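Chemist: These protein sequence lines map, in sequence, to chains A and B.
Position one of the first sequence corresponds to residue 1 (our numbering), numbered consecutively onward.
Position one of the second sequence corresponds to residue 321 (our numbering), numbered consecutively onward.
By construction, these hints were calculated from the structure, which means they are not laboratory data.
Don't take every hint at face value.
Think about it this way: if two alpha-carbon atoms lie no more than 20 Å apart in a straight line, the pair counts; the simulated EDC-like pairs of lysine to aspartate or glutamate are [stated by the list, open to error]:
| id | chain 1 | residue 1 | chain 2 | residue 2 |
| --- | --- | --- | --- | --- |
| 1 | B | Lys-328 | A | Asp-23 |
| 2 | B | Lys-389 | A | Asp-298 |
| 3 | B | Lys-401 | A | Asp-187 |
| 4 | A | Lys-161 | A | Glu-60 |
| 5 | B | Lys-401 | A | Glu-91 |
| 6 | A | Lys-183 | A | Asp-265 |
| 7 | B | Lys-328 | A | Glu-91 |
| 8 | B | Lys-328 | A | Asp-298 |
| 9 | A | Lys-320 | A | Asp-265 |
| 10 | B | Lys-333 | A | Asp-298 |
| 11 | A | Lys-280 | A | Glu-242 |
| 12 | A | Lys-21 | A | Asp-265 |
| 13 | A | Lys-122 | A | Asp-92 |
| 14 | B | Lys-333 | A | Glu-299 |
| 15 | A | Lys-225 | B | Asp-322 |
| 16 | A | Lys-234 | B | Asp-322 |
| 17 | B | Lys-328 | A | Asp-55 |
| 18 | A | Lys-21 | B | Asp-334 |
| 19 | B | Lys-401 | A | Glu-304 |
| 20 | B | Lys-328 | A | Glu-16 |
| 21 | A | Lys-21 | B | Asp-408 |
| 22 | B | Lys-351 | A | Glu-20 |
Since we're looking at a predicted model, the values are computed, not measured.
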Amino acid sequence: MSDIKLGISLYSFSTEFIHEKLDFEGICKKAHDMGYQGVEIVAAQMVPEYPYPSDAWLAECKAILAKYELEPVCWSAYIDMGIRGDRDLTEDEIIQFTVNDLIYAKKAGFPMVRTQHAISPKIFRQMIPYCKQLGVKLTIEMHHPHHPEVPVWKEYFEIMKGEGKGWLGFVPDFSIFQTMPHKLYLDQAISFGCRPEKLAEIVELHRQKADYSVVANGDFNDIEKHTAEEMFGKFSAPAKMEQWKDMIDCAFYMHGKFYYLDNDDHDPCIPFEEIVAEVKRLGYKGYIASEYEGHHFDETIDSEEQLRHFVALMTKNIEK
Amino acid sequence: MDFQAYNKILICKDDIHNVLVDNVVIGYQFKIKYPSYRGAFLSCIEALSFEVDGQPIPASQVSFQLNGKDFLLSELSECFKEYWFVRDPATIFVRVFGGIAPGEHKIRVNMTHRVPYTGYFGQYLTLVSDVTETRMAQ
């Protein structure tokens, strides 16, 4: 038996939710039927009247989770810095949104809020008394294109390991380990006008760590150049396994991000085998959320089938 | 490119309806949804325009109806406390005497919108959702 449990971000069912094939309760039932227990909700997606949800809905959310024997694990929040076109959010506004999310999480029965890097070290620190009083932990997601070497994360880790210990933590998203574009991304690039043989050439150049200028100055059309620029920008600085040991004590939760799996054994884009082996070796105890994100690229993919591949792949490695 | 698949939900499948006040047809309406996996503050909409059968609809004839309120397109950028839930359709009301003729029409929606949380290294991601669909008017 391992101390690592596989949970689910209900966001994995984005396609079904936004195309109105499943509502919130339908998604909870589906998660239960698939054998999941721990769940995460993306509030800005599934909570009616958000960011001002009613107490009645928050109580109903708690009741629905109980009905399907689901354990509330993480209430996911954003720092929507660019709500206004004329300026970024002020400190007071960031505090208001964050404290509100801690309160909503508490009312709906969630022991943790996941927020974003833009909260700033100063405000992150100011949230400690709210976390302690409400009994709700606050975490920041480390999501691609961020990685452990981004300067602000040094400050965040200091706070998590210092005065925020036990209450402030982080949620590594496995996108930080992605080394190459996934199938849905490549299929979409072709549908937007990339010639398949040229796209294959770009993928190979990227694999060989060529400089983007080779594409910029080469025989490629505009959409191929745009795709290459995005690809070289996104997948060229993956986090390293040896970085886990310095940060794992701050990981309260993890996002098992994936985009497309056509089998139960292996993903060529994200090294799940290495990730699981390393976090197990370091003694991680807690949830890894199944987080399917292919819905950004293709709404015809069956989310449940993707999740079943992921569960099989991860279970094999967790139980190894 | 992230977010592109969500454009499929922008123009709702509902028919176009003429709007009657007593027996006077004062315009027509159709429905749109916010093209993302999550909702948005209306202030993140930087530009929104419509064409019907290839003809641009003047902004002065359009009302954007959501959350029980009625907004001018020029007011959207100021609505930073107004949230568009991802499953709630907004009604686009076009004010024109006589409404729209029954039958098929091509609706084009062009929306420039800012993703407010993506400033990882400074710049916000701004998306253009440009969708044309054929819908039936009753």
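Chemist: All hints are to be evaluated individually against the structure, with a verdict given for each.
Modeler: Hint-by-hint comparison with the structure:
no. : hint                  : in the structure
1   : B:Lys-328 / A:Asp-23  : 18 Å, holds
2   : B:Lys-389 / A:Asp-298 : 33 Å, violated
3   : B:Lys-401 / A:Asp-187 : 38 Å, violated
4   : A:Lys-161 / A:Glu-60  : 36 Å, violated
5   : B:Lys-401 / A:Glu-91  : 17 Å, holds
6   : A:Lys-183 / A:Asp-265 : 16 Å, holds
7   : B:Lys-328 / A:Glu-91  : 36 Å, violated
8   : B:Lys-328 / A:Asp-298 : 10 Å, holds
9   : A:Lys-320 / A:Asp-265 : 13 Å, holds
10  : B:Lys-333 / A:Asp-298 : 19 Å, holds
11  : A:Lys-280 / A:Glu-242 : 13 Å, holds
12  : A:Lys-21 / A:Asp-265  : 29 Å, violated
13  : A:Lys-122 / A:Asp-92  : 12 Å, holds
14  : B:Lys-333 / A:Glu-299 : 16 Å, holds
15  : A:Lys-225 / B:Asp-322 : 17 Å, holds
16  : A:Lys-234 / B:Asp-322 : 12 Å, holds
17  : B:Lys-328 / A:Asp-55  : 33 Å, violated
18  : A:Lys-21 / B:Asp-334  : 16 Å, holds
19  : B:Lys-401 / A:Glu-304 : 35 Å, violated
20  : B:Lys-328 / A:Glu-16  : 13 Å, holds
21  : A:Lys-21 / B:Asp-408  : 14 Å, holds
22  : B:Lys-351 / A:Glu-20  : 15 Å, holds
Checked against the numbered hints given earlier, this structure breaks hints 2, 3, 4, 7, 12, 17 and 19; the rest are met.
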